Every structure is written in structure tokens, then in C-alpha cells.
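What follows is each chain in one-letter form.
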Amino acid sequence: MNRADASSFVKLLKPIEQQLQLYAGRMLRNPAHAEDVLQDAVVKAFQEFSHFSPGTNFKAWMFRFVTYQVFNANRRHDPLLLAEIPEEMGLEEVREQPQADDAVESLLDNDPERLLELLQDPLVQALARLSAAERSCLLLKSIGEFSYHEIHEMLEIPVASVMGYLSRARRRMRTFLSEYAMENRWADPAETARPSASPPPSAPPAGEDA
Amino acid sequence: MTDCNDIRKFFHLYYDSEGGAELHFQISDHLSTCPQCKAWFAREARTQGLLDDLLARGEANASTWQTIEQQLLTDAAVPASRSKGLWMLALAASVVMAVGLWSLIRQGDSDNLGRLAATEHENYVSGSWQAEVVSSSVEEVEQRLRPRAGFAVRCPPRGQAGFELKGGGLCRLKRELGVHIVGEVDRQPVSVFVLPFQSLRAFPQMREHLPAEGRLHECREGRYQMVAGLLHGHVVVVLGRAPRDVLVEILRGYGAHHSGRAAPPNEAPRQRLVAFDSFADVNPTRFAAEATPGSP
Numbered sequence: 001m002n003r004a005d006a007s008s009f010v011k012l013l014k015p016i017e018q019q020l021q022l023y024a025g026r027m028l029r030n031p032a033h034a035e036d037v038l039q040d041a042v043v044k045a046f047q048e049f050s051h052f053s054p055g056t057n058f059k060a061w062m063f064r065f066v067t068y069q070v071f072n073a074n075r076r077h078d079p080l081l082l083a084e085i086p087e088e089m090g091l092e093e094v095r096e097q098p099q100a101d102d103a104v105e106s107l108l109d110n111d112p113e114r115l116l117e118l119l120q121d122p123l124v125q126a127l128a129r130l131s132a133a134e135r136s137c138l139l140l141k142s143i144g145e146f147s148y149h150e151i152h153e154m155l156e157i158p159v160a161s162v163m164g165y166l167s168r169a170r171r172r173m174r175t176f177l178s179e180y181a182m183e184n185r186w187a188d189p190a191e192t193a194r195p196s197a198s199p200p201p202s203a204p205p206a207g208e209d210a
Numbered sequence: 001m002t003d004c005n006d007i008r009k010f011f012h013l014y015y016d017s018e019g020g021a022e023l024h025f026q027i028s029d030h031l032s033t034c035p036q037c038k039a040w041f042a043r044e045a046r047t048q049g050l051l052d053d054l055l056a057r058g059e060a061n062a063s064t065w066q067t068i069e070q071q072l073l074t075d076a077a078v079p080a081s082r083s084k085g086l087w088m089l090a091l092a093a094s095v096v097m098a099v100g101l102w103s104l105i106r107q108g109d110s111d112n113l114g115r116l117a118a119t120e121h122e123n124y125v126s127g128s129w130q131a132e133v134v135s136s137s138v139e140e141v142e143q144r145l146r147p148r149a150g151f152a153v154r155c156p157p158r159g160q161a162g163f164e165l166k167g168g169g170l171c172r173l174k175r176e177l178g179v180h181i182v183g184e185v186d187r188q189p190v191s192v193f194v195l196p197f198q199s200l201r202a203f204p205q206m207r208e209h210l211p212a213e214g215r216l217h218e219c220r221e222g223r224y225q226m227v228a229g230l231l232h233g234h235v236v237v238v239l240g241r242a243p244r245d246v247l248v249e250i251l252r253g254y255g256a257h258h259s260g261r262a263a264p265p266n267e268a269p270r271q272r273l274v275a276f277d278s279f280a281d282v283n284p285t286r287f288a289a290e291a292t293p294g295s296p
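As given, the protein sequences belong to chains A and B, one line each in that order. Going by the numbering used here, the first residue of the first sequence is number 1, and it counts up by one from there. Going by the numbering used here, the first residue of the second sequence is number 1, and it counts up by one from there.
Just chain B, with the same shape it has in the complex (with noise of 0.2 Å):
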């Protein structure tokens, strides 16, 4: 291969150093002999690295990174306590069921959003889930779990129905990542759960009761009660062994001090539980509107 216009076919396969040694030795020995190729790989050379050099330009995001790397590191350690509770739950159920029939149960609650929020409360109460901010300032909870959530987090307001905020972390309920907000009313811990409005396609016991039953939900856990509704685009459970009504007013009372006043614990909801026709037709900011008809 001596030509001057086969030697030049192949720069591209030169310049990438790809194509073999041995074509790479026959196009060397043809540019120590030809001055006429040798200028022009040069200068395709040349202009090549320049487009190289441009498409590879350019800074990465230092804030993109780390939002992505936190979501990392805390996805693997939420599964991972999630995951022991799990292991303790089928050692329990082994000594009391049979595994088949276990399995089946097992199933159905995996989908129960009311049943998971109840052991996570569990978690709470026991200490094997602690808050990862503890504080008992509302503004800081929200801020400092809104970045690692995803979207705004809302706490109750301070004192509404009795309730004392005592911190909150994330928490995973099958798969679905969400907000595990703590408290007490009269000493007795309560816990608040906050998911996203399209974490509901995961619960489908929970996306059927609450447009059905429209402004609320509410059923017992176990030794707990339990009331939800859809708020500023969000699920919202609330779960205890506090009185219903005191529930009921916590979850009214959610994201509440964002129209602008703290709710006084016998005034009639400022916060409408809204319910929806159709699961598909989602538009958060449509819920944010309605869920504050009092804010300007």
C-alpha cells in the first residue's frame, strides 16, 4: 500500500490507533517517505483534535453530582434497616404460619400502604428508625429534608391539635421514597408519612380508597389508627395511637402554616381534602391550589 490516496483512506482508522499494527506500520513508512501525506494527516489531524476538543469541553455539574450521589447513599441505607425489619416480620410469621400461606399474606401487604406506614411507625416507636433530623422547629425539618426528598416537605403546624414535632427522615414504603415525619401528642408518638401524589400507583388499596372515599380516609392498623388524605400533591398518612379526631386535625393541619397562620386547634380546616376523579388526570399544582382556599 504505497498509493498516496490509500494511505489516506485510512486516517481515520490512524488517528483513532485502531485498524492493527500493521496498518499503522505501512501508513508510517509511507509518511516518512511522502512530505505531501505527512502535511496533510497533519493537518486533518489537526482539525480533527479541534472538533474533538470541543465536543469534549465543558464542566461538570457539582450540584447535579451530589444531588445524585445523596440519593445513592440513601437509598442504601434505607432498604437495608427496611430489610431487617422485614427478616425480623418473616421470622415471626414462620413460627405462626405456614410459608405458603405466609407468602400470600405477605403479598398483600406489601401493597398496603396503611399496614407498611404501621410497621415503619413501629420502627419509630421501637428505635430501630431514628429521625434524622430531630428538631423541633418546623421550618428546619422542612428545609433540610426537602433537598434530600425531592419535593416539599410539610410539617403540621406547631401545637396543632397537641402535636409536638420531634423531627423526620426519609423512608422507603415499598420502594417508594417519602418523608417519615415524628411526634407526640400527649406523650404518645405519632408519625406523619408524606409521599408523592404518583407513589399511589404502588398502593392501589390506597389509590382506590381515597378518590372513593374522597376527602378521607381512615382505618385502623393493627393497634394503631390511621387517617390519609391527598394534600398539596401529596399522600399524607397520619398514624397513631391517638384519638381519630386528633389525627384527623393533624392531617388537616398539614402544610397548614404555609397559608400564612398557624391553625388554632378548634377552627374549622383551612386545608380541603380534595378528591379525584380520575387517578391519570394528575396536576400537582391544581392541588396546591384547592388544598388552600384561605391563601391569597
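Only chain A is shown next, with the shape it has when bound in the complex (with noise of 0.2 Å):
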């Protein structure tokens, strides 16, 4: 590798720069841990980078470098908390309706500037709820934009797994962030005025991969 080819990989990777960053931090157990994951991760993928077919996905192969460097880090730091991702699951997770969320909801038709700002701390809190294949799948969604097909490859699981995940991943945080929102009446708008909403319902159970 020389410094042209350190060039080319940087031009690639600046449009990615914030996706990966929120991914890593979003993903780690710790995202204390953010930067050194992402240096790890990309020194990694410019060791491979001669690998790299251009014009292919660079994101997807970037972002495949990151969600291994978390994983390792999540390992090493709680090697006891990991979770198990089964091979398959059923289509039955996906078919599942998402739960009304009514304070949501009211606070989303009055004052969705307000909304995002209140969730920014449960957020927090349910996305540490999640499994390690439900948050990947949910973040590389959400934050990086993949397709189910990509995701799969990303994470060698079926995509039918992918599906089960995601689907289990955003009824699990609409809950959360529903009951969160219920305790805190943020259904009243003089509730929501206050400065800061009061901690969740309750902590995240122990043992459970956060």
C-alpha cells in the first residue's frame, strides 16, 4: 500500500465518516471505546484494501470491518454478555404488529422537535435491551441503510434471520420508548416542558446482552 492508495481510502471513506462513527458508538457496550474500535476497523480494512473491488460497495465493506471491531470489543470487555444469534428464525416475528404508541404518537403530532430531544437518553437505554444481532441488524438499517440482503452478507445470517431481527428490534424499542414516554406522561404537554424526562421504568435485566 502507498500513499496513493492511503488517498484513494480516505476519499471513499470521508462521505462515511459520520455513519460509521454513530454505528460504532451506538453498537459498543461501551462507547467510550468508539475510537479506538474505528481506528482498529479502518487500519484493518486498509490492510484489505487492495481486496477491495472498486466500484463495489464500499460502505458495505466498511461497515463490515466496524461491526466485527465492535464485536470483538464487546467480547473482550464482557465476554459473558454475549448473545447467541440462532440460525434461523421465523417469519412469525416479522408478521407481528407493531404496538399502538399513543404518547408517542401525541407528542409526534404537537412538537417532534421536542420528541427527538426527550428520546435521546431512553434511546440510549433501548438499544443496551437489545441482542447484539438485534441492535446490528437495527443500526445497519437504520444508520447505514441497508438492504435485508446486504445485512445478510454483512453478517453471514439468512435473511430471513435479518428480517426476524429487525421486526424484533423495533417492537422491543417502540416499547420501551412507549412505556418510557406512558411513565413520564409525555401525553401532557406540561409534563414534556420539564427540562428532563425522569429515568425509565425500570433497569435492563441482568444477563441480557447490553
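Note that these hints are calculated values from the structure, not bench results. In this text the structure is predicted, and so the values were computed from the model without any measurement. Check each hint, because a few of them may be wrong.
[Stated by the list, open to error] Derived contacts from chain B toward chain A, CB cut-off under 10 Å, selection only:
#: 1; residue: 18
#: 2; residue: 28
#: 3; residue: 46
#: 4; residue: 50
#: 5; residue: 53
#: 6; residue: 56
#: 7; residue: 59
#: 8; residue: 64
#: 9; residue: 248
Glycine residues also receive a C-beta, built at the ideal position from the N, C-alpha and C atoms.
Make one complex out of these two single chains by using the hints.
See the structure below:
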């Protein structure tokens, strides 16, 4: 690898830096490690850059390195909390209907910006309650905007599992945020006008991947 | 598929533009005729969109990426010059010995920190390696190299054993990133190599020598005298054609100005060269504390 390769690599990297950083930060159990993880992932990817085919999906290729580096970091820091990824998941998971969340809906109607602000803290807690597989699928979809097929290739799990994990992650996120909103009475404008919301209804269950 | 419940089961596929055109046509057809499902889909899409927006919100940290990109560009630049040196070495070796024998020797050399340092020093002397920071200011060299090296770079203090600082830059010794500080003693080039303590893992010979011999390791590498020690949590190698005592004094003065005063040439060493009982018990803060007993 020479300096020209490095320049080409950095040029491809630039447009996705924000997404990579956000993804690493949200995926890690300890977001303080995000910088180290990103650096390791980028160095590894650059070492493999000669195998990258120009014109193919650099973003997916790069996210793959970050994903596995995050898995390694999470494993290093807490090996007992690894989530098992089942081989297959039924489509029943996909077909479950999302729950109605009136408090969030109400605030979404009245003050969407305020809602986004209020949801920042509980969002982190909600993510921490997901399994590694659920979190990966959700963040690859939401931040990376990858297709199910691309996620299947990155994580090397069946497309049906991607759909299942994604659906379950979304449902669990919405359930948690709904409960949080109801607990804090967000439907009441007087309540949401306060500078910060109170803690979530309950702590994450012990032993769950966080 | 005209049943509302069936249609709603496929909301996520529809929302994510997955599931194929046929599914989308069926759902679109149904939504055009069913206002309840249309409202339900709109509400779900809005809530899901909010969640996606929330997850994707955040700024990139510019300094993080500057560091990473700089590291990449440095890594790409350093091996290039090194590979050129190795190519020349291979060419010379092929003249004097069989390929097999050469390979064996080269394998041994690749683990020899002293040998690699001597090669880098040769590169500096011959002009094939040039300092990225050219300055006689200890502070400037340290400040400019520190962010690039990723660790606290220190120089021998100005005038220590007659050492006249010329500058410094990054180097690679067997893939280990280090700092190469250059200067002169009586117009003779002298190199100071600084590597993080952890890099000793790549150099089993040096790793063996430093803890075993305790305070100092010295040897000759071809035409050069070399002395090495562990200081401030770093492996410090001083190499050149200057007398051994001069090199030892430069080594002992490494980073001494950080303790508050420069070291007069004949003063007893203030930097204690520490020994380690176990390679695994690495605690860089301990090194720093032990290496500067004279500091408050």
C-alpha cells in the first residue's frame, strides 16, 4: 500500500465517516471505546484494501469491518454478555404488528423536535436492552441504510433472520420508548415542557446482552 | 391478499422497500381502496421514521477522523521507504550468499531491534530517510511528533553529552510504530529510537535482554555502538559512532528536561533505568514514576 492507495481509501471513507462513527458508538457497550474501535477497523480495512473491487459497495465493505471490530471489543470487555444468534428465525417475528404508542404519537403530532430531544436518553437505554444481533440489524438498517440482503452478507446470517431480528428490534424499541413516554406522561404537554425526563420504568434485565 | 390484517403484516417489508415489486403492487392496490389501512400505514411509517431519524442523529468527531486519516497516510508512507531499503538489502545479500541462507539470516534480523535500528540509522546517514520535523528545539520536536506517534515523545535535553538535536520523525521497526530522533555529537550522527513498551513483544531478543540485564543493554551493531533501556514506559535505543559512555549519557538524559532542569554533562544520572521482573506486568505509569526520582 502506498500513499496514493491511502488517499483513495480516505476519499472513499470521507462520505461515510459520520455513519461509521454513529454506528460504532451505538453498537458498543462502552461508547468511550468508539475511537479505538474505529481506528482498528479502518487500519484493518486499509490492510485489505487491495482486495476491494473498485465500483462495488465500499460502504457495506467498510461497515463489515466496523461490525466485527465492535463484536471483538464487546466480547473483550464482557464475554459473558454475548448474545447467541440463532440460525433461523420464523417469519412470525416479522408479521407481528407493532404496538400502538399513543403518548409518542401525541407528542409526534404536537412537537416532533421536542420528542426527538426527549428520546435521546431513553434511546441509549433501549438499545442496551437489545441483543447483539437485534442491535446490529437495526443499526445497519437505520444508520447504514443497508438492504436486508446486504445485512445478510455482512453478518453472514440468513435473510429471514435479518428480517426477524430487525422486526423484533423495532418492536422492542417502540415498546420501551412507549412505556417510557407513558411513565413520564409525555402526552401531557405540561410534563414534556420540563427540562429532562425521569429515569426509565425499569433497569435492563440482568444477563441480557447490553 | 385483500385482508387488512394480511396487508399490515407486511408493513416492514413495504416500509423498507423489500419483498419485491409484486408485494408492493398488492399493498399499494389495497391502500388505494382501504382508508383505514392507509391511515394505519401512514401512522406506522411516521413513527418508524422518527425512530430511524433518532438512531441516525449525531455528528462525526472531526478530530477522531483526522487522527485516523493521518495514521493511514503515515503508515502508507513509512513502509514504502522501508520496503525500498529491504529491496536493496536483498539485492546485496543475493550477491554474497545463497537465497536460503539469506532468508534464514533475514528472519533472525527481522526480530533484532538493534539491527533494525542500525539499518534505520544508516538510512538517515545516507539521506534515504529524512526527518519530518527539522528543528533544534526539543519542545518543537516533541510537540509536533507527539500527536502523530500517539504517545508522549521526549527528546534528550539540549546539550546532554554534547547531543545537538536536529529533528525527528516517525519510523517503522518490524511494523512497530516508533519515533526516530536524530542529532549529532561532535558532528557524528546519533539516532535515538523510541517505541512504546508493548512493542517489545515484536522483539524477543531485546525483550530478553532488557529485563535480564536490568539497567542497560548495550552491544555493537556493525559499525555502531548501541545502548538501550526502558524509560518513561518506552523502549529507548541510542545508536551511533560516538563513544559508548556518550551514548549512555544521552540515554540517561532521555526526557530529563521534563523533570524541570537540564542535565549537566557530568552529573550523576537522574533517570533510573528500571528492570522488570515480568513482561506481563506492564504498568506505564509505574515507569514514569520510577524513572524520575528527582522530580517532586
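Quick rundown of the hints versus the structure:
Of the supplied interface hints, the one on residue 18/B holds, with its beta-carbon coming within about 5 Å of a beta-carbon of chain A, less than 10 Å. For residue 28/B, the shortest C-beta to C-beta distance to chain A is roughly 19 Å, which exceeds 10 Å, and the interface hint is violated. Satisfaction of the interface hint for residue 46/B is found here, the shortest Cβ-Cβ separation to chain A being roughly 7 Å, below the 10 Å cut-off. For residue 50/B, the suggested interface contact is upheld, since its CB lies about 6 Å from the closest CB of chain A, less than 10 Å.
Nearest Cβ of chain A to the Cβ of residue 53/B: about 7 Å, under the 10 Å cut. The hint holds. At its closest, the beta carbon of residue 56/B sits 5 Å from a beta carbon of chain A; the interface hint therefore holds under the 10 Å criterion. Interface restraint check: residue 59/B against chain A, minimum CB-CB distance 7 Å, threshold 10 Å, status holds. Taking 10 Å as the C-beta contact cut-off toward chain A, the hint placing residue 64/B at the interface holds, the least distance being around 5 Å.
For residue 248/B, the suggested interface contact is broken, since its CB lies about 36 Å from the closest CB of chain A, more than 10 Å.
The earlier numbered hints that this structure contradicts are 2, 9.
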